[in-house]
Amino acid sequence: MLMMNSTFSMHLALLMSNSSSIQIEGSVALPKESFSSVLTKNIMAMMVWLVLSVINSSMVHTFLQHSLFYENSRYIMFICMVVNDALQLTLVTSLYVISYIFRKIHLSVCCLLVMTAVFTTRSTPLILAGMAVERFISICFPLHFSHMCTVPRTLLLIGVILILAATPPITDLLIIVIKEPPSFFHSVISCDHSLLFTDSSIYYKNCVFDGLYLSFVALILFYTYCKIMLTAQAASTSLASVKRARNTVLLHGVQLLLCMLAFVVPSLQAALISLFPQLIMEIRYVFFLVVYIIPRFMSPVIYGFRDELFRKYWFRYLSCQSLKIIRVRPETLKEACRSVVRKLRPNFTMVKEALPSWVLQDCEEGLVHVNVGGLKRSLCSSTLKKFPDTRLGKLLACDSEEDILQVCDDYDIQEKEFYFDRNPGLFPYVLHFYQTGKLHVMEELCVFCFSQEIEYWGINEFFLDTCCSYRYHDRKLERGRHRSWDDESDVSSVDTSVDEISDLNKDMQHFQEVRYGNIKKCLWLTLENPGYSIPSKLFSLLSIGVVLTSIATMCINSIPEYQTFDSDGKLIEDPTTQAFEVFCTCWFTFEVVARLLLAPNRRKFFYHPLNIIDLVSVGPIYITLIFDMTVGSESELGDLGRLIQVFRLMRIFRVLKLARHSTGLRSLGATLRHSYREVGILLLYLGVGVSVFSGIAYTAECEEDVGLDTIPACWWWGTVSMTTVGYGDVVPVTVAGKLAASGCILGGTLVVALPITIIFNKFSHFYRRQKALEASVRNNNRKRIKVTCENEPEEEEESDGDSRCLDDDDIDDIEEDDIDFEDEGGVINYSYVEHPSYTSTMRKKELYQL
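Numbered by mature numbering (1 follows the signal peptide of the UniProt record, and there is no 0), the letters in the sequence shown go through residues -21 to -1, 1 to 829 in order.
Simulated from the structure, these hints should not be mistaken for lab results. All the given hints hold, so there is nothing to weed out.
Straight-line distance between alpha carbons at most 20 Å, and here's what the computed DMTMM-like set of lysine to aspartate or glutamate pairs gives:
#	residue 1	residue 2
1	Lys355	Asp389
2	Lys417	Glu434
3	Lys206	Glu440
4	Lys417	Glu440
5	Lys158	Asp171
The calculated label-pair distances, taken between Cβ atoms and stated as ranges, are:
#	residue 1	residue 2	range
6	Val561	Val709	44 to 52 Å
7	Ile149	Met23	27 to 35 Å
8	Ser512	Gly353	49 to 57 Å
This one's a predicted model, so the numbers in the text were calculated from it and none came from an experiment. Where is the CB? At the ideal position from N, CA and C, for every residue including glycine.
Whole structure, please, built from the sequences with the hints as guidance.
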């Protein structure tokens, strides 16, 4: 049974007296601890208490010194947690030390200590739940956060938490006051919760209250943490922010789990002591550390050290660098600033000298002037105070030059102007946010450029107004799906020869390092790239013709009119078709060997899907040829002969060689590779539907002679019906069977239609990207031809010629979805994902536009 007893392990420690042995529950004897062991444990407990007390007191002092903190509900809840932890740690440590000095204490003193310890222990999970709700509102409902999480409401919530935490110990006290005589309160007892509150009604009351208490806190934390994680993962632009949110939630969960252990400490401790009675002292000490000490270490880490703003001021206080704020009148400030500027520099320049601590105080009382890429605007400091976590809001918290330069790029001490090297065209949207508290985005504005800009200014995407939020997130999620496809793509799945050509720098360098490199390079490009030259196109057409000829020959051999048999009934192959087969086999062998010998990376050659198809189409021919020459007829081989027939049938895979010359087939392969989740869902739906309707059909038709007499037979019928094929070989005849068949057909129509749209969208995406790659390769080929025709082309002329080689149609083929955006120092760089040829094509596009 759950029982709230925050100092249970400490109370058992009170039994550790100096007697040789003490009987507990008539069965367990506690041996006397050595003096060195007692001294070590008490010193460690006092040292931990001292370290945590210093940390907690420094955090409280940092909180009180800056109005930025006690005007924010998050930091108010945090400091309440710190004070509660400090009080609980002091009580628990005091009880632990006193337990070695006094075996029994006065009941009134024990009652005060136990009730206070129970109160602080109950407060911790409730405060954690309150902080989780505050984070939930700020992330999931950012537009309502400013008027929902105000300071008065935060203080009211803290008051409710304290009342809820104080209710159980107060009711326990009222019960013993009513039921116990006055002499009971003047007695001396071992300070234990079970010895102090002995009435059975208190026990059952605490069991009920603890169950409701645990359920309430667990539901709140589970719901809020899940919503925070899902919202952050859906809206965050960077993986780092998602990982940070995940780590924060995990730390919160670990701390809450350790705090909740206080509710089950009696049961766990009793179970461990019954298993290891000889380690009773060590078990109690471990519980003391794990349940009451370690969670108090986590509060400063989670809410203090990991918070950038609080960490900055906290470290400054610990290093004795805290600057005292002095209030100066605006007139005095203005004259003082001018005097400082005259002494530093006579002309207007950006000041890099040390900044006095009072420079920004006028900003807190008046206007803040900003210069964003030449666009000058002024904002009220009261407006910026509403958004302290944004970049401009952090200016009000700066009190040194180093802090200012971490927020802005430069500043002018005379004009009190802060310079930001950002795009001035996007700053009006940021300015509108500070004025209204809502974020808007224009229809024609790039969502990713806008996302990078508001991330720089420290503005959360959740401030987007409802009129713009749907359009913004819809575009962003669409791009996210394209990027996820690109990230999962590789050379073997997305592209084949074209993608190998796109990595020209690496491959061409390999040919330059070998003998006869130019000849090998030309031969390799002729084999791999049909658009390289006229001979390469002719070679590609010849290869396609040979593949089609091989398929036609295999089909003709299966027609009875073209088959002849000897006297023994053995099939005699037609000499003409056999000659064609030999020619096709020699051609395929030549292709594989030539590609292997000319490949820049032979190890990579064997991992390429199309090269594997070539090997599979050629290998079985030589295997069957070896068996025919060494063993004899297939009838003499038995089962091995059937295996040879299977190898001969594998020649049908030659048709897959057409994928080397077809953009659509390559795109289809990439689509199937990256649609395994959707295909898995489809198979799961089909499997569930087939199992359900097959069981129903078997129950309805088992007594009829229609071929549905077993459930496996019904599986075939269910599969044919759900996929809407309907061979008609097996049909139900009963009314129940027909109803089951109708449901099976309708359900199959819905199930099959669900993933088809997703698969089709992926196919369109890969097909567009494949066409873009081919356009890039065509332009690279034109560039190489032009450079080859010129004797000594200069770099500038080559760039001009390159720009003229790019057609408008080729530029249009390059999809915007294939561009990745990176922000480096405020400059947006464009690069194509995973395809080196994209970068050169983008340069050509820029030159063409210039």
